[in-house]
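Number of protein chains: 4
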Amino acid sequence: MRKLRLGMIGGGPGAFIGKIHRIAAQLDNQIELVCGAFSSDPQKSIEFGCSLYLDKSRCYGSYQEMLHQEALRQDDRIDMVAIVTPNHLHFPIAKMAIEYGFNVISDKPATLNLGEAIALEKLILKHNINYALTHTYTGYPMVKEARHRVIQGDLGKIVKIVVEYPQGWLSSKDDESTKQASWRLNPALSGISCCMADIGVHASNLAEYISGQEITEICADLNTTVDGRLLDDDGTVLLRFNHGARGVLIASQISIGEENNLNIKVYGDKASLTWSQHNPNELLMKYPNQSSRIIRSGVGELCEYALDNIRTPAGHPEGYLEAFANIYRQFSKLLKNPDGKQYDVPGIKQAIRGMAFIENTVAASQSSQKWHTFNIASPSTLAEIDNEKN
Amino acid sequence: MRKLRLGMIGGGPGAFIGKIHRIAAQLDNQIELVCGAFSSDPQKSIEFGCSLYLDKSRCYGSYQEMLHQEALRQDDRIDMVAIVTPNHLHFPIAKMAIEYGFNVISDKPATLNLGEAIALEKLILKHNINYALTHTYTGYPMVKEARHRVIQGDLGKIVKIVVEYPQGWLSSKDDESTKQASWRLNPALSGISCCMADIGVHASNLAEYISGQEITEICADLNTTVDGRLLDDDGTVLLRFNHGARGVLIASQISIGEENNLNIKVYGDKASLTWSQHNPNELLMKYPNQSSRIIRSGVGELCEYALDNIRTPAGHPEGYLEAFANIYRQFSKLLKNPDGKQYDVPGIKQAIRGMAFIENTVAASQSSQKWHTFNIASPSTLAEIDNEKN
Amino acid sequence: MRKLRLGMIGGGPGAFIGKIHRIAAQLDNQIELVCGAFSSDPQKSIEFGCSLYLDKSRCYGSYQEMLHQEALRQDDRIDMVAIVTPNHLHFPIAKMAIEYGFNVISDKPATLNLGEAIALEKLILKHNINYALTHTYTGYPMVKEARHRVIQGDLGKIVKIVVEYPQGWLSSKDDESTKQASWRLNPALSGISCCMADIGVHASNLAEYISGQEITEICADLNTTVDGRLLDDDGTVLLRFNHGARGVLIASQISIGEENNLNIKVYGDKASLTWSQHNPNELLMKYPNQSSRIIRSGVGELCEYALDNIRTPAGHPEGYLEAFANIYRQFSKLLKNPDGKQYDVPGIKQAIRGMAFIENTVAASQSSQKWHTFNIASPSTLAEIDNEKN
Amino acid sequence: MRKLRLGMIGGGPGAFIGKIHRIAAQLDNQIELVCGAFSSDPQKSIEFGCSLYLDKSRCYGSYQEMLHQEALRQDDRIDMVAIVTPNHLHFPIAKMAIEYGFNVISDKPATLNLGEAIALEKLILKHNINYALTHTYTGYPMVKEARHRVIQGDLGKIVKIVVEYPQGWLSSKDDESTKQASWRLNPALSGISCCMADIGVHASNLAEYISGQEITEICADLNTTVDGRLLDDDGTVLLRFNHGARGVLIASQISIGEENNLNIKVYGDKASLTWSQHNPNELLMKYPNQSSRIIRSGVGELCEYALDNIRTPAGHPEGYLEAFANIYRQFSKLLKNPDGKQYDVPGIKQAIRGMAFIENTVAASQSSQKWHTFNIASPSTLAEIDNEKN
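The listed protein sequences derive, respectively, from chains A, B, C and D. Using my numbering, the first residue of the first sequence is number 5, and each one after it goes up by one. Using my numbering, the first residue of the second sequence is number 5, and each one after it goes up by one. Using my numbering, the first residue of the third sequence is number 5, and each one after it goes up by one. Using my numbering, the first residue of the fourth sequence is number 5, and each one after it goes up by one.
In short, the hints are calculated from the structure, not lab data. In this text the structure is predicted, and so the values were computed from the model without any measurement. Keep in mind that the hints are not guaranteed to be accurate.
Here are the simulated lysine-lysine pairs, DSSO-like style, with alpha carbons at most 27 Å apart [as the list claims (entries may be wrong)]:
1. D:161 to A:337
2. B:7 to B:337
3. D:23 to C:177
4. D:161 to D:353
5. B:337 to C:60
6. A:60 to D:161
7. D:60 to A:337
8. A:183 to B:183
9. B:48 to A:274
10. D:274 to C:183
11. B:337 to B:126
12. D:274 to C:177
13. C:23 to B:340
14. C:126 to C:161
15. B:60 to C:7
16. A:23 to D:23
17. A:7 to D:161
18. A:23 to D:7
19. D:183 to C:274
20. B:7 to C:23
21. D:337 to A:23
22. B:60 to C:337
23. B:48 to C:7
24. A:274 to B:60
25. A:60 to A:48
26. C:161 to D:177
27. D:274 to D:161
28. D:48 to A:23
29. B:7 to C:48
30. C:274 to D:177
31. B:7 to C:7
32. C:23 to B:337
33. C:60 to C:99
34. A:274 to A:23
35. D:340 to A:60
Every beta carbon over 12 Å from chain B, so not counted as near; a handful from chain C, in silico [as the list claims (entries may be wrong)]:
36. 57
37. 92
38. 233
39. 247
Glycine included, every Cβ here is placed at the ideal spot set by N, Cα and C.
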């Protein structure tokens, strides 16, 4: 028995998401960060690794060097690689890591485009490695409880889903100068979308995760509200799901005063539920002409998926870092027992659906036709995906 | 100086909205209900009127009788008629009342279809009477404050509007047996829409009222989720406004557990605001990277339009009846001083825009084309309307 | 069948509570204001009455004149008198009204001191009239639902009650200049207490009303936080109730930013409940290690006492005016059927307990002893009161 | 540069707070758990340590062994000891650790009684070690922001403080069987109080921390509501502070349905503030007759003390574990730079005031006298404490 060993690519000085990954990975004491290539500048990368108390010999100047050197180690080589770079590097890094035989946990969106995501799946299958995508919000215990209640039929047939992800941090020209903003608004680094790729994809993932349904048709209206931008900063997508639900997805990065206000309402023909990241330890269940119920983390009967992701007793709020850590928690369980039971880890299927969501919404937005079939590449690819479905 | 005299048509035993109108009309002690034709059954009408302590001689067996008899009275004839019947009677009653020279206050939607609304406008202009439409929610003081803040530029240029009006009371087949439900789901009595005509039109009115902008294009997705219904019970409409804002309107009568959860978010490029009928005495203002502000009824500096519609000091919540009474309050001021300053009363313009909203969304929903121009009948009608614009 | 006829004493130009009483009395169309003595200045009184559209002959120059003249009328004399003057006039007016045989509805506190309240009870019993005290907050439907749930045992044995009534409107010297403030801080007009007499007494009434228990012992700490005041503007009272519950009552008029934030938490050994005037249409029920339930006005099964005081369907918020109107609603039912079933109207018992609360807390606050028995005058008075208990 | 090395005493299988300490200590990657004596059963202790991936040679059978063996190590001995046992062992362990020269971070309450706390201070001064007490709630960034705003005068002179800490987990006899409950209700292990020692002391600490004032007088009413208990499970304490504020502290472990609902309201003569652990990333500021402001973690200008304890951007909620980690974060900064600037770490002064709070409230509760001076032992002790005051 030992901790799993993690190497990180990206996440150097000033990066937001790299720090989050490091805290999340190590929170449960099951994973240890042992090496990294934190910056494209070798000197910065090494200095930064040392500041994290890593062994200097495992602070690498490039990801290629890291993957190569780690592959050469015998007894203490890494078990997995965390990819926390801008989007355009996700695929080449994941590809190389997989070819070296390392398991991968990647920030989202999985790749720069859908083609890469499909290629990535082939690599994963060929090399038989494990892959996780950090759709953080599905790590919240009450999101898992929500999914469980939908799946077991507490809400009846799902008829409507409203999911919103408003932010305001890109509401003006002045906001574009930060490191975070500049690459997201640059098509070469971010891909064909800013808002949908950055947060819309979280919202669509959350809707599919909780409902257990898949988007089959969309009608999209993406906007670029601030002059001079090349990518969308706001948008609304009407949704139809494979078991009949209708939906609306609203994502925005120009909604002033909204912080990170992801929230979802799922309406069935027996009951409905509401969850919001601003109050993440709570799930509201509503019924026809009855009192509503507040389901809270740590209180009363919760499903095993929720319970397995709660660390504190009732009334001790857990937050974003803990939700993020739950992705690592479940992935580390999967790695220790890869052939065993199904773990609740977002993986390559979600990666492909996410990239498809981005490409489909951008295409649909440019069309004068209302409804568009949600395509996931070629029929052969679809067949492969179907085989995996649980 | 005397109270204004009101006659009511509709609103007999078991009617919800008739009672609301009676309370609202008389709340401020400026209007007195003196007569009525409360039911299509003459006997019931008279009995009901007596139960309201009306003079039996003014409890009429039909609206025709009421309008005719009241017109014959000299000193104490009514000043205005309140129409609170199902939709299909709105126009014929309003027409007759106007032709007898009575002012009219009507429940919404104004008529059964847009053509009637346009005809109604002509009658109003010809007979020079005053007409009010009870778009109740614009009677809330904090809605007026919201409008004021948008109009005076506190939010900057408006870029996005999200308005929702979810209810759950028609979520199942079983809900259709009530009196309220049965006429709303019957095209002969309700018109071409249930959900959009009943509540969607409130949401579109609220969005236009607060933003000071008009809808110019729509993309609509109306649903009938419960089998066997002839009209929509749910829908989403994407919106474009004449000064550039984008928007989403979500209305639903099958969202289980939602009571009457009308709420709106308006985002500008300087600030944003949020208002919800569940907490109607509060307005939330948000700013870029600053603390949000809670504007509350009775607290601090409010605009004169808000102040003129508040009856209680801070911390004494006012609700739906008071908002409804504010429509009557402003209409009674208008009637006493018809040539004076502009009063904040929803009138025939809102009636026409509302009927146009219903017809346009139904048409757009049936189309495979994404965007549709929001039409208000013929160019000549549009010209008349433009002349009235403030 | 006719409306009940009401005469008002006090409540002239600029008075807050007089206007509230007029709206509340007439909201349900069962009571009509027909006369008044609105001001101690006869000219002002008459002008004000005329502005309310009263018959000039029934706009009186003094309360003595009003009571005398109304008593002389045959067919249309008033049924009841509403007393809405400053505290020091409550008793003399009530006394005269009772001696003329009029029913009385009085603003609280009932009198200037406990002795007057006890004398008042004797008058009421002697003249066999009906008396109501406007403890407004017990008029909220969800407060009635709360009481019902406690009484029927849903919470088990009550162990703890926390009631708060914070306001901030007297937080500074500058606030004292208003009409409302100046008499409340003047012992000659207000009695021996400001904060406890004005709002503490509402809180103690609410605690006794919901819990069905009576305060038996107190420990009080009243404060005068603003220099130069002669009366308390803040205070905390520890409570013991007759069936074993402990409690805390916090009332304050110097809690800046608090509007009228009356709220109560009642803890039993099976469940607990929370209610707040800021969100009055909602009652929160909590259970040991189970989901909490949100009980909302108009939703699901409510007790008959709640239902009888609700005017709007679910999701149409009712507020302070409606709660106030419920006191009049129940009193008018009582007057029409005085020998019938028990109506839920706060009366002389609550008046006496309220005055006792004020006197006991002021006395206890001045003592260095911790606990004080809650005294209601002499043993004989107590015996009389016991006889009335339901 | 290296991580600080931590040894833990207590916190074995099934312990709640031990796990919390381990996560909190290591969250920021500045501290490494390297050894422990986790259970009084040596075998269990070693097995548990191994399950945490510790070197077996540093999994000790007793705390005495651990402290002795660690003291003998040269290059890699621990820097500090975390004490997470039941209360009665806090002092003997802390004493031994200090005498071996280790820094100490202890769960609260610091000791079994005030005498031990005073003795502990002498040991700390004599051996010149650093000592921290995990008053977790002062680790929340918005609590620090609250303190900052009070100290810099934004609220003016503080006049009233209301602090509540309700829980329901000991509301019935049945709840006593858990490990957590049984020692807390046992005077031999817990001391002279359950509720005040377990949570009341957190509330008093929070009130003193935010207000910058010290309690000088108290009036206490402690209760034992469940039959057969030897210690208090509920209580209310009236407070007077050294700069004139009045206050109320309500702590309860029998308030059914309350989870861990610590909340505080501080009223000044210019403004007031509200904070609640249920919504910990938010601070509400209220002003006289102005809009209230919502201060949120990560949004707008915050003080350096808050900013130094935030890990995520706006809208990514942090919770209890992060607040706990902030105590370790600041303590590790202090240890690395012990002679430098003042760090915001609760220490021996808070330990002594906490034990004094417990002893004073228990004594005051048993007295029939209302007010009691808040005593901290002998005059000489008081003098020492005064010298430390900032």
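Against the structure, the hints:
Taking the CA atoms of residue 161 (chain D) and residue 337 (chain A), the gap is about 55 Å. The hint is violated against a cut of 27 Å. Distance check on the hinted pair: residue 7 (chain B) and residue 337 (chain B) sit about 11 Å apart at the alpha-carbon level, within 27 Å; holds. A C-alpha spacing of about 52 Å is found between residue 23 (chain D) and residue 177 (chain C), which places the hinted pair above 27 Å, so the restraint is violated. Between residue 161 (chain D) and residue 353 (chain D) the CA atoms are separated by roughly 24 Å; this keeps the pair inside 27 Å, and the hint holds.
A threshold of 27 Å between alpha carbons decides the hint, and for residue 337 (chain B) with residue 60 (chain C) the separation of about 23 Å falls inside it, so the pair holds. Annotation: proposed proximity of residue 60 (chain A) to residue 161 (chain D) is violated, straight-line Cα distance about 54 Å (limit 27 Å). For the proposed pair residue 60 (chain D) and residue 337 (chain A), the alpha carbon gap of about 23 Å is at most 27 Å, so the pair holds. Our distance criterion of 27 Å between C-alpha atoms is broken by residue 183 (chain A) and residue 183 (chain B), whose separation comes to about 60 Å.
Under the criterion of a C-alpha separation no larger than 27 Å, the hint pairing residue 48 (chain B) with residue 274 (chain A) is inconsistent with the structure, at around 38 Å. With a C-alpha separation of about 23 Å, the suggested pair residue 274 (chain D) and residue 183 (chain C) falls inside the 27 Å cut-off, and the hint holds. Our distance criterion of 27 Å between C-alpha atoms is met by residue 337 (chain B) and residue 126 (chain B), whose separation comes to about 23 Å. With a CA separation close to 12 Å, the supplied pair residue 274 (chain D) and residue 177 (chain C) stays within the 27 Å bound.
Annotation: proposed proximity of residue 23 (chain C) to residue 340 (chain B) holds, straight-line Cα distance about 22 Å (limit 27 Å). A hinted pair counts as satisfied when its Cα atoms are at most 27 Å apart, and residue 126 (chain C) with residue 161 (chain C) does not qualify at roughly 35 Å. Under the criterion of a C-alpha separation no larger than 27 Å, the hint pairing residue 60 (chain B) with residue 7 (chain C) is consistent with the structure, at around 15 Å. With a C-alpha separation of about 22 Å, the suggested pairing of residue 23 (chain A) with residue 23 (chain D) holds against the 27 Å cut-off.
Between residue 7 (chain A) and residue 161 (chain D) the CA atoms are separated by roughly 53 Å; this puts the pair beyond 27 Å, and the hint is violated. Between residue 23 (chain A) and residue 7 (chain D) the CA atoms are separated by roughly 17 Å; this keeps the pair inside 27 Å, and the hint holds. For the hint linking residue 183 (chain D) to residue 274 (chain C), the alpha-carbon distance of about 23 Å falls within 27 Å, and the restraint holds. Taking the CA atoms of residue 7 (chain B) and residue 23 (chain C), the gap is near 17 Å; set against the 27 Å cutoff, the hint holds.
Restraint check for residue 337 (chain D) and residue 23 (chain A): the C-alpha separation of about 19 Å stays at or below 27 Å, so the hint holds. About 23 Å separates the Cα atoms of residue 60 (chain B) and residue 337 (chain C), which keeps this hinted pair within 27 Å; it holds. As the CA atoms of residue 48 (chain B) and residue 7 (chain C) are separated by approximately 21 Å, the hinted pair is consistent with the 27 Å bound. Annotation: proposed proximity of residue 274 (chain A) to residue 60 (chain B) is violated, straight-line Cα distance about 48 Å (limit 27 Å).
At roughly 12 Å between alpha-carbon atoms, residue 60 (chain A) and residue 48 (chain A) fall within 27 Å of each other, so this suggested pair holds. Among the hinted pairs, residue 161 (chain C) with residue 177 (chain D) is consistent with the structure: their alpha-carbon atoms are about 14 Å apart, no more than 27 Å. Between residue 274 (chain D) and residue 161 (chain D) the alpha-carbon distance is near 7 Å, which keeps this suggested pair within the 27 Å criterion. A distance of roughly 35 Å separates the Cα atoms of residue 48 (chain D) and residue 23 (chain A); the hinted pair therefore is violated under the 27 Å criterion.
Restraint check for residue 7 (chain B) and residue 48 (chain C): the C-alpha separation of about 21 Å stays at or below 27 Å, so the hint holds. For the proposed pair residue 274 (chain C) and residue 177 (chain D), the alpha carbon gap of about 12 Å is at most 27 Å, so the pair holds. Only pairs whose Cα atoms come within 27 Å are accepted, and residue 7 (chain B) paired with residue 7 (chain C) is accepted, the gap being roughly 18 Å. With a CA separation close to 19 Å, the supplied pair residue 23 (chain C) and residue 337 (chain B) stays within the 27 Å bound.
Distance restraint check for residue 60 (chain C) and residue 99 (chain C): the Cα-Cα separation of roughly 26 Å lies within the 27 Å cut-off, and the hinted pair is therefore satisfied. The hinted pair formed by residue 274 (chain A) and residue 23 (chain A) fails the criterion: a straight-line CA distance of about 42 Å is larger than 27 Å. Distance hint between residue 340 (chain D) and residue 60 (chain A) is fulfilled; the C-alpha atoms sit about 22 Å from each other, no more than 27 Å. Consistency note on residue 57 (chain C): stated as away from chain B, yet its beta-carbon is not over 12 Å from all of that chain's, at 5 Å minimum.
No Cβ of chain B approaches the Cβ of residue 92 (chain C) within 12 Å, the least distance being about 23 Å, so the stated non-interface status holds. With a closest Cβ-Cβ approach of about 21 Å to chain B, residue 233 (chain C) is found to remain outside the 12 Å limit, as its non-interface label requires. Non-interface status of residue 247 (chain C) relative to chain B is upheld: no Cβ of that chain comes within 12 Å, the nearest being about 32 Å off.
When held up to the earlier numbered hints, the structure conflicts with 1, 3, 6, 8, 9, 14, 17, 24, 28, 34 and 36 and fits the remainder.
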